[in-house]
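For the protein sequence lines, the chains are A and B, in the order given.
Position one of the first sequence corresponds to residue 1 (UniProt numbering), numbered consecutively onward.
Position one of the second sequence corresponds to residue 1 (UniProt numbering), numbered consecutively onward.
Do not rely on the hints blindly, as some may be mistaken.
Unchecked claim - On the chain A side, residues computed to face chain B include the following (Cβ under 8 Å):
| no. | residue |
| --- | --- |
| 1 | Met-313 |
| 2 | Asn-321 |
| 3 | Arg-347 |
| 4 | Ala-390 |
| 5 | Asp-392 |
| 6 | Ser-408 |
| 7 | Ser-425 |
| 8 | Ser-445 |
| 9 | Ala-454 |
| 10 | Ala-458 |
To be verified - Residues of chain B placed beyond 10 Å of chain A at every Cβ, according to the derived structure:
| no. | residue |
| --- | --- |
| 11 | Phe-3 |
| 12 | Tyr-16 |
| 13 | Pro-29 |
| 14 | Thr-47 |
| 15 | Arg-79 |
Said to hold, decoys possible - Just so you have them, the derived chain A footprint on chain B, three or more residues with Cβ under 8 Å:
| no. | region |
| --- | --- |
| 16 | 31-45 |
| 17 | 105-115 |
Treat the hints as calculated values from the structure; they're not laboratory data.
This one's a predicted model, so the numbers in the text were calculated from it and none came from an experiment.
Glycine included, every Cβ here is placed at the ideal spot set by N, Cα and C.
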Amino acid sequence: MSYRGRGRSGQNNGGQGGMQVDGSNNSPSLVALDFQNWQGGTQSDLISFIKRKSRITLQNPRVNGPVLTAFVPERDVSIVTKLNGIRFAGQALQISAQSSASTTNATIQTVDVLTGFLNSRYNASAQLLNLSNMGQDPVLLERGMLANPTTATKMFMALMKMAKDNLPGVRSVSLETNQLTDISSVQSLSTSFPNLENLSLANNMLPNFQALLPWRNRFPKLRELVIQGNPLLNDPNSQREIVSMFPRLVMLDGVTVRNEADLPRDALPMPVLPTFFETPEIQNLSQSFLAEFLRCWDTDRSQLLGLYDDASMFSMCYNTNTPKLPSHQPTNRRGPNPNTPYTSTSRNLAFSNTPATRNQRLAIGRNAILTVFQKLPATKHDLSQAHKFAIDGIALNGVRSPQDSAISVSIHGEMLDVTSNLTRSFDRTLVILPSPVGGSFVIASDMLTIRSAAGSDAFTSPRAGQSANVTPHVTPATTPTPAPTGATPDPSTAETLVHQLMAQTGLTLKYAQECLQQANFDLGLALNLFQQSRSQLPPDAFAQ
Amino acid sequence: MSFDYQGLAQQFVNHYYSQFSADRGSLAPLYRDHSMLTFERDQVQGTQAIVEKLTSLGFQKVQHEIATLDAQPGTPGNRDVIVMVTGKLLIDDEPTPKGYSQVFHLIPEGDSYYVYNDIFRLVF
Chain A
1 MSYRGRGRSG QNNGGQGGMQ VDGSNNSPSL VALDFQNWQG GTQSDLISFI KRKSRITLQN
61 PRVNGPVLTA FVPERDVSIV TKLNGIRFAG QALQISAQSS ASTTNATIQT VDVLTGFLNS
121 RYNASAQLLN LSNMGQDPVL LERGMLANPT TATKMFMALM KMAKDNLPGV RSVSLETNQL
181 TDISSVQSLS TSFPNLENLS LANNMLPNFQ ALLPWRNRFP KLRELVIQGN PLLNDPNSQR
241 EIVSMFPRLV MLDGVTVRNE ADLPRDALPM PVLPTFFETP EIQNLSQSFL AEFLRCWDTD
301 RSQLLGLYDD ASMFSMCYNT NTPKLPSHQP TNRRGPNPNT PYTSTSRNLA FSNTPATRNQ
361 RLAIGRNAIL TVFQKLPATK HDLSQAHKFA IDGIALNGVR SPQDSAISVS IHGEMLDVTS
421 NLTRSFDRTL VILPSPVGGS FVIASDMLTI RSAAGSDAFT SPRAGQSANV TPHVTPATTP
481 TPAPTGATPD PSTAETLVHQ LMAQTGLTLK YAQECLQQAN FDLGLALNLF QQSRSQLPPD
541 AFAQ
Chain B
1 MSFDYQGLAQ QFVNHYYSQF SADRGSLAPL YRDHSMLTFE RDQVQGTQAI VEKLTSLGFQ
61 KVQHEIATLD AQPGTPGNRD VIVMVTGKLL IDDEPTPKGY SQVFHLIPEG DSYYVYNDIF
121 RLVF
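Using the sequences plus the hints, can you model the full thing?
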């Protein structure tokens, strides 16, 4: 959630008290001034008038009955209050600074209150943020921060934003006893702490497991969840459904629900650009899955065996006929050596292998697959070089049974063949199913092609880079100006784009942000993405 | 394997690429309304949108030269087939071909097959 770079514009702020959480600590403190007898003119007349007379701009004006309240920096207070009594629009304008207790900017007060609250609720040694029973917290109550669902949601979002910045060590969060009937007011927890390991939602009023769906696959590292004391447990299916929402959940209400040893190891962070994912869930899953998969592929392929079962298939092709690009340096671009270990496993149906060979080179079942894996040369994939990889992940239903919801992930990139010390390119397509026994995944199909190194120009400059060359995939009508790959605009530009996207699509802030991030902050592309995935978006992706 | 998915894969790609060169509009019968084309970063669904996408690509002459072709039967007993191709794309009068990688997921329908997923990437 980005609250940065945007002062409150004031016009439509109904006086709910400042929930502004931008970097106000660096700006001078603001003091509230009350203006009366100004109604002979308009609000903007008054602001221009004061500016003309004092060269000071009133900030965040709002009207409350006959009083217009606006803020000025502390050092300017006396300059403006000297104008007290001046004639404005036929009347003597009354200007007074609010009493000292309330002169500090409400925003800063809010920040202070929330900071104090967070600190009082954080146990640093346990890395536990205890947000239980917030409804009884005297400070929050006094400030009216839980007065209604909207303010409570805003408060929580602000709290999460601050917690993310100030308490990076949080591993456990308790949201016990908060009368939650859904998670909408606390949903931003997953944005601030996607790597949360322990979460308690005990003793709330969550009616059914569907209430947790907005967090589905949002906590890829969540290990333990407590949901006891919620009506949702009346449904015997709830536990199973909830386990399926959190891929690494091991304990649910103190009961072991998965064997931790069977889980894939922690995923490495792997930003991958430019890529297309149908949904954020597929993106999360694909990226963390592939990062872990390739890490094991490089270090110990036998670790991957748990991902294959007796019906899994693997085959590989060795492409000896790749285009030679004059733009590439010849180093490392030797044509493939025909005597590599690849040739004995390559199953290229475009060449005339005998039917027996073809069938034999399709490995079916985990043992056959491991045998082939061990034959292939050792490799090293440098996943930190995100620009050298491109990934497409799409949903695929009914792979082994009509209920399956699988994903098909294709990755293209480079690796170092450690045996020959040659860089090579590869394409790999995996069909990944959630495991029928829960917890892990099964790779139903695995197809690999090895090519001589082709660089990553095709990914790093997918649109702009080809303009002088061929442009087989560019259709001017649908491709907007390319954004530099991976570039994130400055916060205010990003925010403007997010708001434009929200206005054009009706998406919520969170989804709009995610969509833009996937589109590298290219608004046109983001709109395309939206159109393409609209039908798959959950209802909560849309405002209202 | 009880059915000749390998032969099917070969027939399919030969047919697909020759139609692609001759008239991209003629590929329409190979897709269905739930088919998905992922072409570089763009994704379109449905026969009409896919054919529009393919016919709007900015070149006149195009030829696919297959370097590798692999296929696997998708679902046991279901006769669907996953096909993976890498090769070179020769476009108009460009002297340098482009490397590409393409995956098709073919689903049986009556006596023939249609393309459920089509994922294309230039890989240079």
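A quick look at each hint next to the structure:
1. Given hint, Met-313 of chain A at the interface with chain B, holds; its Cβ is 5 Å from that chain's nearest Cβ, closer than 8 Å.
2. The closest approach between the C-beta of Asn-321 of chain A and any C-beta of chain B is roughly 4 Å, which is under the 8 Å cut-off, so the hint is satisfied.
3. Evaluation of the Arg-347 of chain A hint against chain B yields a held restraint, the C-beta minimum of about 6 Å falling below 8 Å.
4. With its C-beta approaching chain B no nearer than about 6 Å, Ala-390 of chain A sits inside the 8 Å limit, and its interface hint holds.
5. At about 5 Å, the closest approach between the beta carbon of Asp-392 of chain A and any beta carbon in chain B falls short of 8 Å, and the interface hint on this residue holds.
6. Using the Cβ-Cβ criterion of 8 Å, the hint placing Ser-408 of chain A at the interface with chain B is satisfied: the shortest such distance is roughly 6 Å.
7. Given the 8 Å rule on beta carbons, the hint for Ser-425 of chain A holds: about 7 Å separates it from the nearest Cβ of chain B.
8. Because the smallest distance between the Cβ of Ser-445 of chain A and any Cβ of chain B comes to about 5 Å, under 8 Å, the interface hint for this residue holds.
9. Given the 8 Å rule on beta carbons, the hint for Ala-454 of chain A holds: about 5 Å separates it from the nearest Cβ of chain B.
10. Restraint check, Ala-458 of chain A versus chain B: the minimum CB separation of about 4 Å is within 8 Å; hint holds.
11. Separation of Phe-3 of chain B from chain A is adequate, the least Cβ-Cβ distance of about 13 Å exceeding the 10 Å criterion.
12. Remark: the non-interface label on Tyr-16 of chain B is consistent with the geometry, its nearest Cβ contact in chain A lying 14 Å away (cut-off 10 Å).
13. Distance check for Pro-29 of chain B against chain A: the nearest CB is about 22 Å away, which clears 10 Å, and the non-interface claim stands.
14. For Thr-47 of chain B, the condition that its CB be more than 10 Å from all CB atoms of chain A holds, with the nearest at approximately 16 Å.
15. Separation of Arg-79 of chain B from chain A is adequate, the least Cβ-Cβ distance of about 13 Å exceeding the 10 Å criterion.
16. Only residues whose beta carbon comes within less than 8 Å of a beta carbon in chain A count, and the region 31-45 of chain B has 9; three or more means the coverage holds.
17. A count of 1 residues in the region 105-115 of chain B with a Cβ less than 8 Å from any Cβ of chain A is obtained; the coverage claim is therefore unmet, three being the minimum.
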